[in-house]
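These are the residues of each chain, in order.
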Amino acid sequence: MIQYVWLIPVFPLMGFLINGLYGKRLPKNLVGTIGAGVIGLSFALTVAIFLEFLKLPAASRPVEIVVYNWIAAGKFSVPIGFLVDPLSLIMLLVVSGVSFLIHIYSVGYMHDDPGFPRFFTYLNLFVFFMLILVGANNFLMMFVGWEGVGLCSYLLIGYWYEKQSASDAGKKAFVVNRIGDFGFLLGMFLLFWTFGTLNFREVFALAGRYPVGSGIITAATLLLFVGATGKSAQIPLYTWLPDAMEGPTPVSALIHAATMVTAGVYMVARCSALYALAPFSLTVVATIGALTAIFAATMGMAQFDIKRVLAYSTVSQLGYMFLACGVGAFVAGIFHLMTHAFFKALLFLGAGSVSHAVSGELDMRRMGGLKDHIPITYRTFLIATLAIAGIFPFAGFFSKDEILFHALVDGNYFYWGIGTVAAFITAFYMFRAVYMVFFGESRVDPHVAHHVHESPPLMTVPLMILAFLSIVGGFVGFPIIEGGHKFKEFLSPSITPVGHGGHPPVSLEIGLMAFSMAVAAIGIYTAYKLYMLRPDLPGWLAEKFRVPYDLIYNKYYVDQIYDTIVVEPIKSGSTLLWTQVDDKVVDGAVNGSASTVAWLSAHLRRLETGFLQNYALAIVLGVTLVVGYLLG
Amino acid sequence: MTLTIPTFSLISIGPWLTLALGAILILLVDALSKGRKTYFPYFSLAVLALAAFQTIDLWGAQSTDFARMVYVDNFAFLFYLILILGAALTILLSRPYLEEWGKDMGEYYALILFATVGMMMMAASAHMIMIFLGLEVMSIAVYVLAGFFREDARSNEAALKYLVLGAFASAFLLFGMAFLYGAAGGSLYLDELAKRLTDAATLTKPLTLLAIALLVVGFGFKVAAVPFHMWTPDVYEGAPTSITAYMAVAVKAAAFAAFARVFFLAFPAFHVNWHMLLWVLAVATMTLGNVVAIAQTNIKRMLAYSSIAHAGYILVALVAANQLGAVSILYYLLAYTLMNIGAFGVVILVARKKDSYLNIYDYSGLAYQHPGLAAGMAVFMFALAGMPPTAGFVGKFYIFSAAVQAGYIWLAILGVMNSLVSVYYYLRITVLMYMRPAEADLGPIAFTPAVTACVIATAVATVLVGIFPGWFYDLAMNSVKIFPSL
Amino acid sequence: MLINYVPVLLYMGIVVGLIGSIVLLSELLGKKRHTPQKDIPYECGMDPIGDARYRYTVRFYVIAMFFIVFDIEAIFLYPWGVIFKDLGWFGFAEMAIFVFVLVVGLAYVWGKGALEWE
Amino acid sequence: MAVPLSYYLALSVVLFALGAIGVLIRRNILIILMCIEMMLNAVNIAFIGFANAFQAIDGQMFVFFVMTVAAAEVAVGLALVVAIFRNRATVYVDDLNILKW
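Residue numbers (my numbering), protein chains in the order written: chain A, 1 to 632; chain B, 1 to 486; chain C, 1 to 118; chain D, 1 to 101.
Hints listed in this document are in silico derivations from the structure and should not be mistaken for laboratory results. Even glycine gets a Cβ: it sits at the ideal position worked out from N, Cα and C. Any given hint might turn out to be false.
As the list claims (entries may be wrong) - Here are the computed distance ranges between Cβ atoms for each label pair: (1) Ile-456/B - Ala-64/C: 39 to 49 Å; (2) Asn-4/C - Tyr-7/D: 12 to 22 Å; (3) Ile-98/D - Tyr-42/C: 36 to 46 Å; (4) Ile-56/B - Trp-80/C: 35 to 45 Å; (5) Tyr-361/B - Leu-607/A: 23 to 33 Å.
Isolated chain A (complex conformation) (with noise of 0.2 Å):
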């Protein structure tokens, strides 16, 4: 079965290629059965595959298989080829199996859009792309995913092309991710340079000559990171992210929160042999991540569209997954990666569902009190909220929790720092959102109020066994107890462990757990009660002004003098570093370029005269340079 790992892509391949041909004439509902059943079959063989695989004897991992020589260049060649290990089948399965939900979720979230068979053209050449990049066994065929993935990100977000701002977006995305693709092909070429080869075991193998903080591979190392801060939204690269949510939800779960997002941390990961030997790489991958996870979380709070609070949160889990590599749990990163692709693409579907009911509302403060009219999107919801929080038992808990421990035990006091306050602010926002949308008053818009509706269940089972996955997701990777971490144990054949190996007690671990728990608890209290009690603040704020004497008040006057000192600080910190820092200094930086470039081509092209004698004039002064330069 392993060997027929090359149809893992090349169903959905086939998806796209009948879709995009024939989907205007096929009927809607063929369409919306093929899109879905290509992914259905990729995840069969997946699941088949990784069945197979784990029946393997150790010796005779991983699998590589070579479809066929692609491009050889003198004594290096490019294979079509897949590596068939752990981390690459973990991969697989989320990659396909998410995708899979998504796509049956998508049959009845884009039913009466007109570009329906456009969609599922795109997405499934989305999941080709996606499931090239990490089934590939080569940097150059990951590369190409990486590209593909971009290019369909690119699509997909301006797919509705007629909102200007849809396609500003797709644009926008579009630039900042070139940046990316550029580090990333240096890093590819300064790896071919040097080792002649680009397939992922040669060179992981010729690494291991090099010294530990080898200048060569901390350049590439660093070069391949740039890459990934674009594709995985880090800073500075990180502003495509917010902006993408203009596409259509079931995109933002799929690629920009589940996968595609991810494809950078999967490449660290991948290429842990090269980072274990660069610490340098590895400091710069932790501190951007730990930068990113807090700067994007408290940029979180400040957003209304619920859309943008997940992306912003999405930034900020991708940060925690950097942070994790950066400190050298490569585990504990592609463990949190898994997880978090459970219950945010979770948390996109119900934001999809919540907007469906209200008649395609993001802005949370027109929600409220959707708790009881929408029971399944409200518990699937919630569930998902909790384990990004962080509460036990549910994936989140597990995953992060073993990235911040591994932080501390590394002696990393700082990142451990920045993740946990992290961990507090993701847990505030997150029921925010939770309490703005299902609880209290109802704000929806009277002219939607009257039929607010569950969604089908085309939409609503998907959420139900995404809901499932993240509650149970995490149990794979149980610590404390010996051999239950059977997600660590799995996947270890894949990484370079760096760090300490010593273990530390498991009263540390269990202590660091509760202490974790407690963060998030406050965080969701800090939730419930702004947004819980606050709803009566204004009524009693308006009597506290016109007595301003009176005791009674004075309780609520030092809840004011918390808001003004505490909350609003933060809050308009975290907007004006939105506002000012996102939209000026970086949009800036990007637009400025592109805009440089317009205004050459624009003042260039003024060089053609159109008159015949000032081009015979150019060859003349092209001959003087030339002939000025040979014998000069």
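Fit chains B, C and D to the supplied structure of chain A, relying on the hints for placement.
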């Protein structure tokens, strides 16, 4: 006085003779018989096919013929095949387009065949005279073809600009050859030049360098390298679209064939002198082509700038001057032939009514009205942009690998940066087709069988050659063995 | 030797000097009076019609082009003629092919009707 | 008395430069074509000079082909001038300015 007549074999120039005789036949039949003839395209295609068969039949030979004036080797043969492919695809594109302009005449096909003969001469020449003759046979035919729409002011202007500047540049090339003749002490055989030039180096080195400079100018003009590129946008825009396609691929291929042959065979000893020069030219060419293409709104003009940029990429391979570089020149030219002719095929289909729809915004919403056509154009745009898994990507990959292998890291980096810039304007066409509503109803497009077949074939080939580059790589590797210096 | 050409130079000098002085003298000494009769190009004969810068019919250009193209091929006949005997039948066959190609050109031109004046 | 090679070359270069300058500054297309002819013939002089100096025949051979090609080029050029004159009624290069930018 006795003369020994050198022995020769007509077989070794069989493909030339076939094409030339075919062209002469077309001219005679066209001139001497009455009535409208519709069989010329088929006849030309048959002639081209025959020439291709002859070429394949010759494959493997390695010698010279006609008193060492002509190389009979695989490098030439591979170029023959690429040139024949270019000519055949152009002819497939031409018929309905010419009919629209009322210009479906026998001369058109005869001239394409003559031009192809000239190009083959350039690819096989072993002596400067042959290069010059081939260049001029090709150029004169193409000058006429560029001005083929005699009643159209744009076509006139394009042809005249091309002719005057082309002749101007030829004069420089010729002057270079004259100096080379002097520097080498009275010989212009490519294989002798290398030795003679190095033997006489100290005394005549300035003369040699001057000659190299002037040859760079002459070839640079034909391949549209900056700053000798100024004619390209104007001529490509004004010439009949099918001829623009032909010029972009075949003329460029032939010029690179001669360029590579002369520089790899005759001037390897002067690589230190010319590599920096071509380095600068390559970077300038890529950059200017890509940057200015962004501001273009006429699709033909945009593709003209794109063709300048592509010339820059191939120059990178020339600078690398290693085996992989030579292979990548061949591979890239094949890929470029496929993707560029395909793109022009779409342009012809969309343009209609005597080229009324050449603005890039005429492509808005094309995907909704003609999904197949838009998909084809998207393939060509991705290929031109160098996106995997198309032939364009593999070609760029070979070129930049060759540069890296030869130690020109920065050149490769600049090339990669350039191809990133180029994605912007290629993708814009795709975006217009897929993500914009149509500006106005495009109306029906007449899908004539030949043009449709050409577009489909090139699209499929662009992808297939990209996915399976190995067989052509082997052929090319086999054919560049003739360069001892690489 | 160049010295042999001195008389020619002398002669040229005299010619130029003489003509120059005559024109100059008549310009200086002569009396100028314009009459309509005197200003017409020819004092006797036909009165001129139209502009002197008359546009020639394009036929002249076409014929001129043919002349250039066919005439220039004659240069290949000269060296061939010089060693005609040495080349023998091979040379003859070669030149026959060359001339045949020219004839094809002529036939084409003729068939296209480019040689007819009207 | 044999003329030294340098004389040929000097004449050739001067003539070539004059031709090139002519192409750059004359407005009449016909004269531009003539200037190009002048450049080609300047090259011919160089070839003849070298052929004479080395007593090698290649140079002279080259001249023949250059002359032939030059004639063909001029014939095409003349035809284009006629076509342009019919369409635009001008023989001046700076009137040919539809295609630009």
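Do the Cβ positions of Tyr-361/B and Leu-607/A conform to the proposed distance bound of 23 to 33 Å?
Roughly 24 Å apart at Cβ, these two residues keep to the hinted range, so it holds.
Please check whether Ile-456/B and Ala-64/C have a Cβ separation lying inside 39 to 49 Å.
48 Å, holds
12 to 22 Å was suggested as the range; check whether the CB atoms of Asn-4/C and Tyr-7/D agree with it.
19 Å, holds
Given the hint of 36 to 46 Å, is the C-beta distance from Ile-98/D to Tyr-42/C inside that range or not?
Roughly 44 Å apart at Cβ, these two residues keep to the hinted range, so it holds.
I want to verify a distance hint. Is the separation of the beta carbons of Ile-56/B and Trp-80/C within 35 to 45 Å?
Holds, at about 36 Å.
In terms of the numbered hints stated before, the structure departs from none.
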